[in-house]
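From first to last, the protein sequence lines stand for chains S and X.
Every letter in the first sequence is one number past the one before it in numbering that gives the first Met the number 0, and letter 55, counting from 1, is 54.
Every letter in the second sequence is one number past the one before it in numbering that gives the first Met the number 0, and letter 2, counting from 1, is 1.
It is worth saying that the hints were derived from the structure and are not from the lab.
Each hint should be verified, as a subset may be incorrect.
[Claimed, not checked] Pulled from the structure, derived: some chain S residues nowhere near chain X, Cβ distances all over 12 Å:
1. A29
2. M31
3. R56
4. R114
5. D184
[Unchecked claim] Computed footprint of chain S on chain X, listed as stretches where at least three residues anywhere in the stretch have a Cβ under 8 Å from a Cβ of chain S:
6. 34–47
7. 141–154
Ideal Cβ placement from N, Cα and C applies to all residues, glycine included.
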Amino acid sequence: MEDMATLAISPGLLEDLQAAESHHAAGDFAQMDDAVIMLELRTGNMAGFDYLIQKYRKPIIRFMYRMVHNQAVAEELAQEVFLRVYRSRETYRAEARFSTWLYRIATNLGVNHARDTRRERSASTVYLDEPDPESGTTPDVADTAPDVEAKILRRERMEAIRQHVMSLPERQRMAVLMHKYEGMDYRQIGEVLKLSESATKSLLFRAYQTLREKLKDFI
Amino acid sequence: MNTSTICQNTKAALPDLLLDPAASTSAAAREHMDACPGCREEFQQLQATFALLDAWEAPEPSPYFDQKLAVLLREAQNEPPAGWFERLRSRMMFNTGRQFRPALAGALALVLLVGGGTFADLSLGHHPATPQVSATVNDLRIMDTNDQAFQTMDQLMQDENAPADTNTATPPAS
């Protein structure tokens, strides 16, 4: 279904896919290193790039969502990440893992977006009679039914986690997002943030200690 | 080793315990925590915080994500190739920078060479300036020179006025 929609919008994509399939069968990509697939993009192997998008789109959208806290903006930024990957295909060097390079692009975009919208975010106000732009729900403080209470508590907890993670210093925030939510190891996080492994470990630990202090009411 | 030192060592090992439980530094810290309620509590709180963060969920991608991305990629494919400056910028921003290391090392060597040479020139080739002489000393020197000149002139004058010692000698009477 998605393929049909894609072809309807961009029929030329089919030619690229067919050309790419002459290099490799679709199943081959799972056996290949991401960096090798990326290097093949230079020769026009769009099928390989499509495989990389499918593999990384969810993690990158989630990563962006936790940075900007808005799904539409997160998806726009994620699209920009993959576009930059495509446009940078000539300059890509397989000296680090593909995912490291991808998260470096995502981190740069996320940080720039956060800086550009800092003023807007600081001026944002919650209106109790308007639905939340992300969840679509309206805060209901009058209803005290048990399931509503649980929902409110869950929502409060999520909001507290979000706020305290977002208020961490920039590098600590990025490190937590990559470590906790993307499952990346010290070395990989260090490569993205251009830090040593020990500095990354120390950065993460400071972040978790701060969060422990801020979130102690929810533990 | 006293208890506080062991507690400090355990706290130093907490990052590994929390973030990398299989690390070699973890075993001694675990052993200490079994006996130390303070350290154990701190670790448990950190573990609980770490687990609490799981509550922050992110939504699934919308069904239109792939379609929008396909359109954007189609446009990108039709764009002219990136210029030299754009490619350099992209390389500087997103790559690790390892490919620039030889050039950076060369540039650093050049800076050291030029900078070191300049410093050597400044420190070794720099001679102390002639000390400034005060006006009084200058005047005294001029007066001294003048005095010497006057003495020389007097000497010459005396020599001119003096009688010839040989040609004017009176012959003895016979």
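Can we trust that S/A29 is non-interface, i.e. its beta-carbon lies farther than 12 Å from all of chain X?
S/A29 is indeed farther than 12 Å from all Cβ atoms of chain X, at 19 Å.
Separation of S/R56 from chain X, once the least beta-carbon distance is taken, above 12 Å:
Nearest chain X Cβ is 6 Å from S/R56, so the label is violated.
Within the stretch 141–154 of chain X, is the number of residues with a Cβ closer than 8 Å to a Cβ of chain S three or more?
violated (count 0)
Exclusion check [S/R114 not at the chain X interface, CB over 12 Å]:
Holds, since 15 Å exceeds 12 Å.
Chain X versus S/M31 - minimum CB to CB distance exceeding 12 Å, so not interface
holds (20 Å)
For the stretch 34–47 of chain X, does the count of residues with a C-beta closer than 8 Å to a C-beta of chain S reach 3?
Satisfied; 3 residues make the cut.
Beyond 12 Å on every Cβ pair: is that true for S/D184 relative to chain X?
violated (8 Å)
Comparing the model with each numbered hint stated earlier shows that hints 3, 5 and 7 do not hold.
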